[in-house]
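Asker: Here the sequence shown is numbered in our numbering, starting from 1 and rising by one per residue.
Incorrect hints may appear among the rest.
[What the hints assert, rightly or not] Straight-line C-alpha distance at most 20 Å; calculated EDC-like pairs for lysine to aspartate or glutamate: (1) 92 <-> 57; (2) 27 <-> 57; (3) 92 <-> 65; (4) 92 <-> 59; (5) 106 <-> 67; (6) 92 <-> 47; (7) 27 <-> 45; (8) 106 <-> 59; (9) 27 <-> 128; (10) 92 <-> 45; (11) 92 <-> 40; (12) 27 <-> 103; (13) 92 <-> 14.
[Unchecked claim] Label pairs and their computed distance ranges (CB to CB): (14) 11 <-> 57: 20 to 26 Å; (15) 137 <-> 53: 34 to 40 Å; (16) 118 <-> 25: 24 to 30 Å.
Source of the hints: derived by calculation from the structure; they are not laboratory data.
The C-beta atom is built at its ideal place from N, Cα and C for all residues, glycine as well.
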Amino acid sequence: MRIYFCGAIAAGRENLPVYRHIVGRLKSIGHAVLTEHVAEPDVLERERALTPRRVFERDVEWMRDAECVIAEVSTPSLGVGYEIASALQATKPTLCLYRAGLEISKMITGNTSPALSLGTWTGLQDLDRRIDAFLAANT
């Protein structure tokens with residue numbers, strides 16, 4: 001399955017180990033992660049080398065090609081919010097994951113789109129279980 005992974009880039013770098021785990025897990029079970037660069041330590045430098053227009057066009061193309069979206073939303077991000085809205089507009093199955101105990105945007109938690117799934121997590125095993133259940137329901 002072709003997956004578009006979302007995670008905060010400009011903020012949220014403290015979540016890098018979580019992003020790396022998610023991307024690594026998805027790849028290890030045979031999925032193509034179109035946006036695996038989000039989980040790379042040098043993503044900020046790599047993104048600075050591209051114009052905003054190029055990033056937008058590239059990401060829109062990846063979103064179009066993706067079969068589903070998995071987003072880690074513990075850290076607020078305008079870009080991630082935009083990506084989630086785009087995915088839901090296109091009725092792509094979308095999983096939003098966030099650390100248990102955090103309050104995240106009610107634009108996410110209050111959304112009733114049948115394409116949207118939400119999941120809290122406290123550890124990497126929780127992440128894996130949530131991701132596995134989402135993928136099983138959408139393949």
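Asker: Quick one: are residue 118 and residue 25 within 24 to 30 Å, going by C-beta?
Answerer: 19 Å, violated
Asker: Straight-line Cα separation of residue 106 and residue 67 no greater than 20 Å?
Answerer: Status violated; Cα separation ~25 Å.
Asker: Run the distance test for residue 92 versus residue 57: straight-line Cα separation, threshold 20 Å.
Answerer: This hinted pair holds, its Cα atoms lying about 19 Å apart.
Asker: Hint check: residue 92 vs residue 14, CA-CA at most 20 Å. Holds or violated?
Answerer: 28 Å, violated
Asker: What's the verdict on residue 27 and residue 45, does the C-alpha distance respect the 20 Å limit or exceed it?
Answerer: 23 Å, violated
Asker: Are the Cα atoms of residue 92 and residue 45 separated by 20 Å or less?
Answerer: Violated, at about 30 Å.
Asker: Between the alpha carbons of residue 92 and residue 40, is the straight-line distance 20 Å or under?
Answerer: 25 Å, violated
Asker: Is residue 27 within 20 Å of residue 57, Cα to Cα?
Answerer: 24 Å, violated
Asker: The hint says 20 to 26 Å between residue 11 and residue 57; measuring C-beta to C-beta, is that right?
Answerer: 23 Å, holds
Asker: Are residue 106 and residue 59 close enough, with their CA atoms no more than 20 Å apart?
Answerer: Given that 20 Å is the threshold and the Cα spacing comes to 25 Å, the pair is violated.
Asker: Starting from residue 27, check that the Cα of residue 128 is at most 20 Å away, please.
Answerer: 12 Å, holds
Asker: For the pair we were handed, residue 92 and residue 59, check the Cα-Cα distance against 20 Å.
Answerer: 15 Å, holds
The structure does not agree with the numbered hints 2, 5, 6, 7, 8, 10, 11, 12, 13, 16 stated previously, though it agrees with the rest.
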